[in-house]
Amino acid sequence: MKTLTSKEKRKMTKAEIILQIIIFSLGFFYAIVYYVRLPVPVLGTGNLQSAADQLFTYLTAILTGAFAIGIINLTRAHANNVKNRRPIWKYSVILLASMYFMAVASIIASPFSLDPQSTVIPKGVYAVFFSIWQFLYYNVLVSINATLFSLLAFFIASAAYRAFKARSLETSILLAAGLLVIIGQAPISNLIWPGFGTIRDWIMAFPNTAGQRGILIGAALGILAFSVRRLIRYPWGR
Amino acid sequence: MYYRGAAVIEGSQAKAGVATSSDGIHWTKTAVLTMPAGSSGWDAYSRQVDALNIGGVMRSDNTYIMSYASIKSRNSPAQIGLASSSDGISWTPYPDNPVVTYGTSGGWDSGSGGVGAGNFAGSMILAARNQYYVYYAAQDPSGTFTIGVATLPLSIYPISQTTSTTSSSTVTSTVTSTVSTTSETSIIQQTTTTTTPVPQPFVLGSILPSLMIGRISQATLLVITLGGIFAVTRFASKRKLKTRGIPGIERLDNWIRQAGELGRPVFFTPGTGTIQTPDTLAALALLDHVASRCAQNGVRLIVANADFNVHQVTADIVKNAYKKAGREDLYTQDTVQYISVRQFAYAAGVMGLLRREKPALNVFVGDFQAEALEIAEAGRADAIAQFGGTSNVDQLPFFMATCDQTLVGEELFTAEGYLTDDPQTISKLVGPDAGKVIAILLIAAGAILVTLGNQVLTTLLRL
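Chains as they are written, first to last, in this note's numbering: chain X, 1 to 238; chain D, 1001 to 1463.
Rather than coming from a laboratory, the hints here were simulated on the basis of the structure.
Given the structure is predicted, the values throughout are model-derived calculations rather than measurements.
Some hints here could point you the wrong way.
[Claimed, not checked] With a straight-line cut-off of 25 angstroms between C-alpha atoms, the simulated PhoX-like cross-links for lysine-lysine are:
| no. | chain 1 | residue 1 | chain 2 | residue 2 |
| --- | --- | --- | --- | --- |
| 1 | X | Lys14 | D | Lys1319 |
| 2 | X | Lys123 | D | Lys1319 |
| 3 | D | Lys1072 | D | Lys1242 |
| 4 | D | Lys1029 | D | Lys1015 |
| 5 | D | Lys1436 | X | Lys14 |
| 6 | D | Lys1323 | X | Lys14 |
| 7 | D | Lys1072 | D | Lys1319 |
| 8 | D | Lys1358 | X | Lys90 |
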């Protein structure tokens, strides 16, 4: 359904115009840096490339400030869960406690410690927090991460079951190709018939690669066009 | 000794250090190498995360020269650059890096995609016979490593022991060497051609030649393309144009309306990409539309983010949409939620949200990695409808299998144009299409010329 009409559009506000000018100027500046090599000092920072690097560092620093806002949002959302005794409030307590405890342990004693040589923090305190940090990181976080990652195996199986149903000509071709690749990939395939490996290689090298490249080239062209649109028009909220 | 290491933490980046020893057995770490942070070019990602994948270091007089590998974005193959230093600790990158680029797709040094700096596992540099030799180990798509060699002119970093005979601004050198097999995967057998632009000393009045260094063919092409885009956009804005339509995208508004009728929320996530990821930016443009429709239909929208900068922008978009529709009452602090920057913590958070909130429509559009299938499968268990979209070809099959409607590749970047009748917006789609036509013609011409053995176009447009 076509929905947004020209009547719904409004003129850009002053703030949006200023923002658009900044977006365009920065985009143009980085394009210039990419295409032009000017070995002359710029604003005492070395050449144009160095100036761009400096600017990028400042921008990254500014963006990193937003991290605090993310943490504040997370804290407020889960504190509200606890305050209002929502059904999941117990999980929110665990989340907040583990997040802040891990942050403190990391700052005191971890590879990211503010005092890695333990010059200010007493060695005993460092040792205690380091063992806590190690436990939380390796025994809890890494294990949970690995568990969630391994769930993929089951999700792939259920998704493949749905995708490999011969409902039409296209899905039948997909089913046949999928089966041949699975058989070709299995270690036993060579013993059944050596040709399975060859068929698998052919499917992966030609139809599969051709299809993927088609999508990639299309996406690359889409990104090019999208970037141009973003540079000349305030992206959203209009 | 120079060495490379990283913290024993998942996601930690490699850094390089110096250690000294008097007996070659007992070593003392003395310093960590530094390089200016941040970059807009070939090593953007490596510099952003402050990684230094050191290859080899050579010394001549009082200058140290290092080869190192870097990547442009999280999933791009690595390339090799050079840097110089007077103390061996603080390094300055060579301005026209990379000096060794990854090879043509499918080739022995093309990388397997998504392997990052592992593509070029190691390198070393030495100077001999009036040129530099960079030896490097590279990976082909099957993951097999091969050692290759590239030559570079001495004029990059002139050293006194040898005399550079190179004076032109661009040097093309080719070297082929064959060495007997040492093992199955370490064979020096390849031919590498490297084109290295050499910076000219700046002299007032010779600014034009300075501008000509490097990517002038590409810049010219870009200007022509942008001119074409602008002209076609102007032409199209005065005409009533119709878009061909993406099958199913019209259903998005119906689904949102149905969510309103059912009294259930709509869920949206832009994935795990950063604010610099094109897919994420395209997702934000689509969020603008989804949020507006939700606000107009009185539907509660829930947005989950993995990146804190994206979180800020999505909060702004959704808040504005509700404000514009006069439904600020629907915007609460639970509307836009920051979950976690960690991939699977984010996936777990999203899966929990889907299970608890039971949305009537899930919109998964943006940059997704392995978590795509997990959240889409979790969503499918409860949701009425799912709308997916990404340009990541590895995750697209999962969305195709689990979503009712999927935006494939380029469709993601043009979706906003298909949701409007406004001729101005449609004309902005038509204009860039002119650029695409130019790009497609160049790709076709390049493919034909290369097939016929002619390298003119590829040489002209090489980075």
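Against the structure, the hints come out as follows:
1. Lys14/X with Lys1319/D: 19 angstroms, holds
2. Lys123/X with Lys1319/D: Status violated; Cα separation ~49 angstroms.
3. Lys1072/D with Lys1242/D: 38 angstroms, violated
4. Lys1029/D with Lys1015/D: Roughly 13 angstroms separates the two Cα atoms, so the pair holds.
5. Lys1436/D with Lys14/X: 33 angstroms, violated
6. Lys1323/D with Lys14/X: Between Lys1323/D and Lys14/X the Cα gap is close to 18 angstroms, so the pair holds against 25 angstroms.
7. Lys1072/D with Lys1319/D: 34 angstroms, violated
8. Lys1358/D with Lys90/X: 20 angstroms, holds
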